[in-house]
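Undergrad: Protein chains in written order, with our numbering: chain G, 256 to 304; chain S, 83 to 276.
By construction, these hints were calculated from the structure, which means they are not laboratory data.
Be careful, since some hints might not be right.
Straight-line alpha carbon distances no greater than 25 Å define the calculated DMTMM-like cross-link-like pairs of lysine to aspartate or glutamate that follow [claimed, not checked]:
1. G/287 x S/102
2. G/258 x S/101
3. S/143 x G/293
4. S/244 x G/300
5. S/140 x G/276
6. G/287 x S/152
7. G/287 x S/223
8. S/146 x G/293
9. S/140 x G/280
10. S/143 x G/280
11. S/239 x S/223
12. S/140 x S/210
13. S/143 x S/212
14. S/149 x G/300
15. G/287 x S/110
16. S/206 x G/280
If you want the ones that stay clear, here's a sample from chain S, every Cβ over 10 Å from chain G, calculated [what the hints assert, rightly or not]:
17. 92
18. 118
19. 130
20. 142
21. 151
22. 238
23. 267
24. 271
Every residue gets a Cβ at the ideal spot worked out from N, C-alpha and C, and that includes glycine.
Letter by letter, the chains look like this.
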Amino acid sequence: MAKFYFKNARKKDEAYLQPQEQTIDFLLNYSKSLNVIEVGTLQFETSLN
Amino acid sequence: MKEYTLSDAVLVNRYIQGDEAALATLIERHKQRIYSFIFSKVFDRDISEDIFQDTFIKVIKTLKRGKYNEEGKFLPWVMRIAHNLVIDHFRKGNRMPKFEDNGEFSIFSVISDSDLNAEKQLIKEQVEEELRNLIQELPTDQREVLIMRMYKDMSFKEISDKTGVSINTALGRMRYALINLRKVIDKNNIVLTN
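Isolated chain S (complex conformation) (with noise of 0.2 Å):
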């Protein structure tokens, strides 16, 4: 086991008072303990290097701005703030898109078509289809109103005018419209998926 002469809790203090050297042995005298568990956690070199200076950043500020209270727990404090910038580091990689660098770098594992293939439009356009068949089923003043809300965008105040029954009437026909469609395609066992 390593004897130290001089504690960690004298060296900080020597470094507060303005003896620059005293920082130089305690990063020397940690780095590894501090570095290896930044890499057991990111398991990425330049990523641990990054966290391990942010570490020390953070640690110098504290110091110098006289905020750091001395319980003789300089280690188990140094290695908190690493422990916390590990936890940050993974929260900006969720919100971030990354891509990794493996040498076979793919322009569209960043970025993607989102309009619909020809084979999914194809389908689109025939679900549509029947749906619109199925529509055709329906009592006429159920239909009337379903056609109304969906495809031409009415309020129910709207279609209440138009059709010259109330709200309720109108929203209670656009209910019993959506239950007739679904008994219709589970009798029928249709699939209407996309």
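Okay, chain G solo, but in the shape it has when bound (with noise of 0.2 Å):
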């Protein structure tokens, strides 16, 4: 009997679903710049550009 053979799909289609690389890149340059500053109880974001 003949034997079937099929691509995985699954894997390639695993491999597409990603968040794009700049997307990654945003997040990484955002945790950089972000800074905390605490004054007394209150919590302060700051921003560097």
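From these two lone chains plus the hints, build me the complex, please.
TA: Quick look at the structure:
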């Protein structure tokens, strides 16, 4: 009996389903720029450009 | 199965201490799973991208503010944030009118003319005419009250003053006028719809 072979489509989809590089870069840059300052009991966010 | 040299808990701790590279490792480690989860709900790449970004902005803010309780559950926590943002997205979608960008944009899918068209206007006029004829069939006292209330928009107090009967009598006449109108409509199988 002949054997059937299929391409594993799932792996291809999984590799495809991920965020763009620029989104990751934005998040990492955002994280670097964000600074939280504590004044007494209050917290302030500052973002460096 | 992949084995990581550093656990999520250690990386989170390092990030809180100021090691930015730890965040890059965390994102790299979980990006596919989180993005796939979001995409499986919204089925749109751009929206998934936005929600993924908003998810990590919340993660970054919470960690930097020192409000994250480390219980060894970093990924379930991030997934929960993503899940909540997906729900927010659908809630927002229900409130805002939108159109599908399928290449065939029609301005009428966004705006519409709420005025009646010629056919509906004609039907409306016919229905009103029939109703006026039916009202003429009512006893005089009932017809009088119904016309003053519905067409002249008078209050029952004003009707009572004008006709010289009590408010309760005016109310009663109005009630009987409506009952009698319904009876005539049912008896003659008249259809009064727009």
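Undergrad: Each of the hints needs a verdict: does it hold here or not?
TA: Comparing the hints with the structure gives:
no. : hint          : in the structure
1   : G/287 x S/102 : 7 Å, holds
2   : G/258 x S/101 : 53 Å, violated
3   : S/143 x G/293 : 14 Å, holds
4   : S/244 x G/300 : 71 Å, violated
5   : S/140 x G/276 : 19 Å, holds
6   : G/287 x S/152 : 22 Å, holds
7   : G/287 x S/223 : 83 Å, violated
8   : S/146 x G/293 : 11 Å, holds
9   : S/140 x G/280 : 16 Å, holds
10  : S/143 x G/280 : 16 Å, holds
11  : S/239 x S/223 : 16 Å, holds
12  : S/140 x S/210 : 59 Å, violated
13  : S/143 x S/212 : 68 Å, violated
14  : S/149 x G/300 : 14 Å, holds
15  : G/287 x S/110 : 16 Å, holds
16  : S/206 x G/280 : 62 Å, violated
17  : 92            : 18 Å, holds
18  : 118           : 5 Å, violated
19  : 130           : 8 Å, violated
20  : 142           : 5 Å, violated
21  : 151           : 17 Å, holds
22  : 238           : 60 Å, holds
23  : 267           : 62 Å, holds
24  : 271           : 62 Å, holds
The structure shown violates the earlier hints numbered 2, 4, 7, 12, 13, 16, 18, 19 and 20.
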